[in-house]
Amino acid sequence: MNRKVGIEKINIYGTSMILDQKKLAVARGLDPEKVVSDFLIDTRSLNPPWEDTVTMGANAAKKVMEGIDPADIGMLIVGTEGSVDFGKPISTNIMGALGLHNNIRNYETKHACYSGVAAMDPALSWVASGHNHGKKALVIATDFSREHLNTKEEFVMGGTAAAFIISDNPEVLEIEMDKRGNWSTDIYDTFRPTAHAEVGNNEVSLYSYMDALEGSYADYCDKVGEKIDYKKDFRYNLYHTPFPGIAFQAHRTLLNLNREERFKKKEIQADFEERVMPGLQLSRRIGSTYGCSNFVGLAALLSTDAPIDEGDRISLFAYGSGAIGEFYSGIIQKNSREIVKSMKLHEVFDQRRECSVEEYEMLEKLRNTLIENPNFKPDFDLFGDHYKNHYEGKGLLVLKEVKDHYRTYEWS
Amino acid sequence: MTKEKIIEVISKNIIENLDDLENETIDPKKSMKDYGANSLDMIEVVSCSMRELNIKVPRAELADIEDIEQLADKFMEHAEA
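Taken in sequence, the protein lines are chains G and P.
Just so you know, we're using my numbering here: the first sequence kicks off at 1 and counts up by one.
Just so you know, we're using my numbering here: the second sequence kicks off at 1001 and counts up by one.
Hints should not be assumed to be uniformly reliable.
In silico DSBU-like links for lysine-lysine, alpha-carbon gap of 35 angstroms or less [what the hints assert, rightly or not]: (1) G:4 - G:266; (2) G:34 - P:1056; (3) G:223 - P:1074; (4) G:344 - P:1056; (5) G:264 - P:1029; (6) P:1029 - G:4; (7) G:264 - P:1030; (8) P:1074 - G:266.
The hints are simulated quantities; they were obtained by calculation from the structure and are not laboratory data.
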């Protein structure tokens, strides 16, 4: 039980197109500066019609698998709340696309935005148990928003995929297996009752998020069994980000918990800038990160130059509507930063194509017609040269055709 | 604990957490939104008030509350329980 386990390698796929949130704010008659400062989203990810949760997951995983023998992967788990099928898990599509061998276990996990951590959990336990026969697990989280044109939720949408290797060589982050706190309840806050509908009540969800944060942190403290100084014992704090702006409230809540005298707003703001903001630098470019949240946060933190040292403890909070909260921690390793920086995530993100508000509106309406559509072929010429420039010959997975519900994918 | 005391604590936290309310008298018949609170501000006011009053209400029960007086009533239920 004492073997080290955690994340060996990680990659984030941020889609191939974006929308500028300020331009969207102007188009909707809102103050662009306020929209950005409230939600802390600069751009949101957009997918062309030839991408879905399968392609995003595979495209995140492809770079993670470089240099890894597929025969070394013994398990593939994919977390999503945006699957393209109710029975066949998208882990099968991704397994096929990546050319993984047949003697692996694969399945999909669901728990709203907790799906990614839900997918990581059995992989961690499997490696920690020693019953993994020396194999590694490939874990993927992949999610994308539904259409929300002209709603107040429109400013907190997005989509992304995270892929990472779980092994007993956790060079990016060792997960502290005996320090994981949970808190669950039965509530309708945000949910997806059909393949089209992503619905709920924002306020219920925000309240529930904070209950789960406090509840899972209290459980974490019980399991640690020692007094924790929230400000000193974690070098950085990563929070689930349905929108990055929520991290400020989350941070304020835990900083002030169990304190006689509350921190002043200025002190909280300074601590937030120092210990939370570095982990938000990718989600600011993605928008909602759904089940990828903690992994996007980790990759963002390690992509910055914010000071961090081997042995530093960071905290992570995952939340899934419905609901569950998990508060856990990990230890930074010697090469954590170097490994993540070598993925050059911001440079890859820089290559995304910006869409106008009109293009975005057209795209979201179109994508709505593709959900559960039994027959369609994506139009690769839809955004001019975008396919040619960004995909052709680049080895990205794309959806080629849906025929009688059978989906065909190919590498570009 | 009286309802007046609860309203006093909530009002104090509204003034402390929102901008430009220093000289304002908080009307319990109004919603925090009337004083410019966004969703995250309301959560903070609720958190601070619960801490100060030593009351723990599942926050999910608070989503449908429309004004400050209703919030105080909800706190009363849990204060007496």
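Hints versus structure:
1. With a CA separation close to 39 angstroms, the supplied pair residue 4 of chain G and residue 266 of chain G exceeds the 35 angstroms bound.
2. Straight-line distance between C-alpha atoms of residue 34 of chain G and residue 1056 of chain P comes to about 32 angstroms, which keeps the hinted pair within the 35 angstroms bound.
3. Only pairs whose Cα atoms come within 35 angstroms are accepted, and residue 223 of chain G paired with residue 1074 of chain P is accepted, the gap being roughly 32 angstroms.
4. Restraint check: the Cα-Cα separation between residue 344 of chain G and residue 1056 of chain P comes to about 45 angstroms, which exceeds 35 angstroms; the hinted pair is violated.
5. A distance of roughly 28 angstroms separates the Cα atoms of residue 264 of chain G and residue 1029 of chain P; the hinted pair therefore holds under the 35 angstroms criterion.
6. Note on residue 1029 of chain P and residue 4 of chain G: the hinted pairing is violated, with a Cα-Cα distance of about 57 angstroms set against a maximum of 35 angstroms.
7. Taking the CA atoms of residue 264 of chain G and residue 1030 of chain P, the gap is about 26 angstroms. The hint holds against a cut of 35 angstroms.
8. Straight-line distance between C-alpha atoms of residue 1074 of chain P and residue 266 of chain G comes to about 31 angstroms, which keeps the hinted pair within the 35 angstroms bound.
Going down the numbered hints, you'll see the structure goes against 1, 4, 6, while the others check out.
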